[in-house]
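In terms of the numbering used here, the sequence shown opens at residue 1 and continues consecutively.
Hints should not be assumed to be uniformly reliable.
[What the hints assert, rightly or not] In the SDA-like style, the derived pairs of lysine to any residue whose C-alpha atoms are separated by at most 25 Å in a straight line are:
1) Lys113 / Ile162
2) Lys145 / Leu47
3) Lys116 / Pro104
4) Lys116 / Asn170
5) Lys145 / Ile162
For the record, the hints were derived by calculation from the structure and aren't laboratory data.
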Amino acid sequence: MTRKRVISFPKSGRSWLRYALELTEQAHDIIFSHDEFEYNDGTKPPLNFDINRRYQNYNIGSDKILYIERDARDTIVSLYNQITGRFADFFNYQGDISTFIRDPYFGVDNLLKFQKLWRRLATENNLPIIRYEDMHSDYQAVLVKVCDFFDISVSLHDVERISEMASFDNMKQVELSGQSQRPWLSPRNSHCKVRKGKVGGYSLELSDEDIAYIQSRMMHFDV
Numbered sequence: 001m002t003r004k005r006v007i008s009f010p011k012s013g014r015s016w017l018r019y020a021l022e023l024t025e026q027a028h029d030i031i032f033s034h035d036e037f038e039y040n041d042g043t044k045p046p047l048n049f050d051i052n053r054r055y056q057n058y059n060i061g062s063d064k065i066l067y068i069e070r071d072a073r074d075t076i077v078s079l080y081n082q083i084t085g086r087f088a089d090f091f092n093y094q095g096d097i098s099t100f101i102r103d104p105y106f107g108v109d110n111l112l113k114f115q116k117l118w119r120r121l122a123t124e125n126n127l128p129i130i131r132y133e134d135m136h137s138d139y140q141a142v143l144v145k146v147c148d149f150f151d152i153s154v155s156l157h158d159v160e161r162i163s164e165m166a167s168f169d170n171m172k173q174v175e176l177s178g179q180s181q182r183p184w185l186s187p188r189n190s191h192c193k194v195r196k197g198k199v200g201g202y203s204l205e206l207s208d209e210d211i212a213y214i215q216s217r218m219m220h221f222d223v
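The whole structure should be built from the sequences, with the hints applied where relevant.
What follows is the structure, encoded as structure tokens:
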């Protein structure tokens, strides 16, 4: 049986796309996954980067798999805020963001290895890559592309309406209202799921030294 999957590293924009797809009322059969990189287990289970395991876990030849990716600098900043906010009770992480990006478990190296792994899988198997930055620049165009890939029938009016409903401001209002029926779109530990959602916001939260470090690791992993 062909399965539909959306794969992403945490904090790469999955919830933003998921919310819109659910509004189509045709996404009940789509599986949303972080490929076992959930970062919600305080025991810190080992992170696995074996490409063969992906071929064992997913029927990549026939499943409809879409991969979402976001700039690593913005992603790692957002992950830090989640680990020290919504997931603070899981890990009780006490380090600052400079320590976090260099951490052997949470740090940017594992994010970059994940991105490199899934870029390879996408390239070798012709899987579509959706970029967070493209969702910001033209959300409607991305939504049309994704719906077409998953055989979801939507009109231009539907796309316009859903894109407006899935704006960051509207999603934040839904979350803060307490009326969301989605556990993944509800405050936790007094921290909201929907934060800033900016492109390039990392420059306001990372020092020049930390930015240079991340960029050096991006060059090291060729990501």
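Now for the hints, and whether the structure bears them out:
| no. | hint | in the structure |
| --- | --- | --- |
| 1 | Lys113 / Ile162 | violated, 34 Å |
| 2 | Lys145 / Leu47 | violated, 31 Å |
| 3 | Lys116 / Pro104 | holds, 17 Å |
| 4 | Lys116 / Asn170 | violated, 33 Å |
| 5 | Lys145 / Ile162 | holds, 14 Å |
Hints 1, 2 and 4 from the earlier list are contradicted by this structure; the remaining hints agree with it.
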